[in-house]
Amino acid sequence: MKAAVIVFPGSNCDRDAATAIAHVTGTAPKMVWHRDADLPDVDLIVVPGGFSYGDYLRSGAMAAHSPIMAAVKAKAETGVRVLGICNGFQVLTEAGMLPGVLMRNQKLKFICRDVLLKVETSNSDFTRGYNAGQVIRIPVAHHDGNYFAEADVLDRLEDEDRVAFRYCDAAGAVDAEANPNGSQRNIAGVLSEKRNVLGMMPHPERLADPLLGGTDGAPMFQALMKVLG
Amino acid sequence: MNNTVAVTPEIVAEHGLSPDEYDRVLEIMGRAPNITELGIFSVMWSEHCSYKSSKKWLKTLPTKAPWVICGPGENAGVVDLGDGQAAIFKMESHNHPSFIEPYQGAATGVGGILRDVFTMGARPVANLNALRFGAADHPKTRHLVAGVVAGVGGYGNCVGVPTVGGEVQFHPSYNGNILVNAMTIGVADADKIFYSEASGVGNPVVYVGSKTGRDGIHGATMASAEFSEDSEEKRPTVQVGDPFTEKLLIEACLELMATDAIVAIQDMGAAGLTSSSFEMASKGGLGVEIDLDKVPVRETAMTAYEIMLSESQERMLMVLQPGKEDLAKAVFDKWELDFAVIGTLTDTGRMVLKMGGGVVADLPIDPLAQAAPEYDRPWVPGKKQPVLAAADVPEISWADALKALVGGPDGASRRWVWEQYDHMVMGDTVQRPGGDAAVIRLHGTKKGLAATSDVNPRYVAADAAEGGKQAVAEAWRNLTAVGATPLAITDNMNFGNPERPEIMGQFVEACQGMGEACIALDFPVVSGNVSLYNETNGQGILPTPTIGGVGLLPDVEASVGIGFTGAGDALVLLGGEGTWLGQSLYLYALHGRSEGAPPPVDLAVERRNGDFVRERIRAGAVKACHDLSDGGLLVAVAEMALASGIGARIAMDGPAPHAKLFGEDQGRYLVAVAAADADAFVAAAEAAGVPARKLGETGGDAVAVNGEAVALAELKAAHEGWFPAYMA
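Protein chains in written order, with the numbering used here: chain A, 1 to 229; chain W, 1001 to 1728.
Wrong hints could be hidden among the right ones.
[Stated by the list, open to error] Part of the chain A face toward chain W, derived, beta carbon under 8 Å:
#: 1; residue: D38
#: 2; residue: P40
#: 3; residue: V42
#: 4; residue: F110
#: 5; residue: C112
#: 6; residue: A141
#: 7; residue: F148
#: 8; residue: D152
#: 9; residue: R206
#: 10; residue: T215
The set of hints was computed from the structure by calculation and includes no laboratory data.
Beta carbons are placed, not taken as given, at the ideal position from N, Cα and C, and that holds for glycine.
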């Protein structure tokens, strides 16, 4: 699997994503600078977490207009897999590559902790390593993770099986109690129409090494490697 | 304020210079200074920059060990980690600004300490924060907690350095003077460490980072005065942080440091361009000429005075190798940061500032730096308190006491705080906040760093020498409890007005106690910061020498946490039974009394017990470990149970059960070991001279003493509930 990680000046999970990919797949990804207008020939593009251009405006709003994002969009249209994590998810929504928007957390505070996620679909190259309905533990670390879209958009996402993950409790119950940030319908991650773009607020790259307290993030990279070689 | 402003006695006084100090200015200058020059003297001789009250005593602290690469005097301390790596760390206060404007005060505190570390060539890898607020029921406290925590998080989260540990404490003595002590640890190649000593006459002096504005003018002077009712009018002297720019500055500096372009580098912290240029030239025994018209500014019509005294954030000053300007500029252009050659090094020994074609200031560097006042302030020893007998402390049912302690302001979980800090970014956090010490992996290796911050200000207030000693010992103990070898400390000395002999006495005695512990434990001071005048309307804070400790784990996988790892393990108490309730949390939180002598630290015992525990952890014989501190044995049992969701049953007998359960005798640990190994473990301890007793076992869903149980669910509700309910 040939992977690339996009590096905005304020990215700060770019190295983490690269480390996790190298740890799980054995191959280090290429790091691509935000001012580059071209992408190398890759099978997977990761838009990592962080604060892209500071995010003093809406999170990800400026990054969505950077030279590299035009290239990412073009690659995605050809079917290349794109994974947006945290700030990367915000960038992908701002770039119009995924529906909805990430608003400030309902309680207005930054939240960094492990959350439980219900895998809603295993029908994507990102989630094939999980079983639908499985509960996994992955950390979140964000201030703006409150997923919002109009009801008809949410209905469509659900009808098309494009909700990848929802916040849940240990028994898999999806309710307000298990929702860390106020996201509509507890949505933690969504897929594009062609299912080759995934945006998610939780950080699978942070729990892909047992030393760091868990490995529930690893199957995502393993599954991608299986499909992408 | 342009140079035509007359320097009157009132202006001199406003600049915090005493008449004696001003006489010395006249002597050095050989004429009356202009306002810009006066401003420079004022900040360079401020307590904050000159350490004039504290220097004499700081010099007495031990600073050397074979693994110390650089001790105090540089931007941060440097210790050898082996394999060609070094840890660079320091703790620094941002107390006064954080009280006036909590979010920005705390945020810029984090930014400042990060710069102290990466300016030496290290990539910052961990932040810690020791926060002390007024009484929980004081009307300002919630506002300050909310702002400070958000500010610490807002800065560290964006910069992408994990905030892995720290402390939060409440006490009425901080009602008008909160403490925000920020610590950063960085990692560098041991042969690529950058210092601030300028060299090479004619070499270019380069300004990089953010533009200079009018913010923070006289921050260093503000930090060197007492507060009064009108302190909030000082809000304009608080700087505003921009963590995104800091992130760019880290990356740009580290990228340039990988080349051979930099001769010397210094961050612009307190007193901004003045102290950075002064210190670099002074250390190199050189002069410097700066063209202030070339300094990037973000406001119009800034005067020389304003440019020199601005404390705008995210700025650095460098001396480059000649001819490397283009290379360096390309790096800063890539990161979209300002870059300007603003001056050159000279051999005149003078600082000459030019603006608008003329000289606006011309001062001798060495005389100013060397003649910085140094006071041997009068001090009196603190009154020692008699030992308080356990029999003089009324007993409360242990279950009620435990619930109150783990569910009160001092003992409740700090999760509300650290969940607002990204403590996992960088992907190396092995032990998250909530334990004895944070543990991070040294990136790309199997080794680890442990870090902690500690002090019990109530102990220090009762006996500054014993309390100072205890703070160092506790940091050593916390590092030991995760399996680390303690390496060195940074000290952040927060005290009241040193012009009062009893406050100066606290400072002196705390240094004495700390020094004694540093020597006995081979745990030298490599960096630090002093914050004096923490008083409002004449009320001083509890003396608070915060100790930041750093330790090394040869094998990070061998580290242990406080949480039990399974049911049926044996609990072993190491270091003896509890007896001491004087100055304990039990006495303070449950009886409202701060009485008696604090528990004494026997440093030989401390070392013997700790060395045994560390060796056993590394041998894989320990499943969980917790040092006994605030709240003593039973609070430690409860914290270990709460961290894991696994209960514990212990057995106690004999008189004074409250002293046994809640006493704060020093040098003690509680460990969980496999049941089958328990007898051998106890025997090994005793053979090493460490008192050991099998206390009970893990398991169940309650904490039980002699068969009487309190459900973990109830303890958890109290422990986790207090902070969110308080801040709701």
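Q) Was the hint right that D38 (chain A) lines chain W, CB cutoff 8 Å? A) violated (18 Å)
Interface restraint verdict for T215 (chain A) against chain W (beta-carbon cut-off 8 Å): violated (13 Å)
Open item on the list: Please check whether V42 (chain A) passes as an interface residue: C-beta within 8 Å of a C-beta belonging to chain W.
Closed with: Hint on V42 (chain A): violated, closest Cβ of chain W at ~22 Å, above 8 Å.
Hold the hint about C112 (chain A) up to the distance rule: shortest CB distance to chain W must be less than 8 Å.
holds (5 Å)
Would the hint on A141 (chain A) be counted as holding, given a Cβ-Cβ threshold of 8 Å to chain W?
With Cβ-Cβ at 4 Å, under 8 Å, it holds.
Next on the checklist: Restraint: F110 (chain A) near chain W, CB-CB cut 8 Å. Satisfied or not?
Outcome noted: Check passed: Cβ of F110 (chain A) comes within 5 Å of chain W, closer than 8 Å.
Interface hint check: R206 (chain A), Cβ to nearest Cβ on chain W, cutoff 8 Å. Holds or violated? Since the shortest Cβ distance to chain W is 5 Å, the answer is holds.
Chain W contact restraint for F148 (chain A) - C-beta distance below 8 Å: violated (22 Å)
Let's test the interface hint: is any C-beta of chain W closer than 8 Å to that of P40 (chain A)?
violated (20 Å)
**Message:** Tell me if the interface restraint on D152 (chain A) is satisfied: Cβ within less than 8 Å of some Cβ in chain W.
**Reply:** Given a least distance of 34 Å, the restraint on D152 (chain A) is violated.
Violation of the numbered hints given earlier is confined to hints 1, 2, 3, 7, 8 and 10; the remaining hints are satisfied by the structure.
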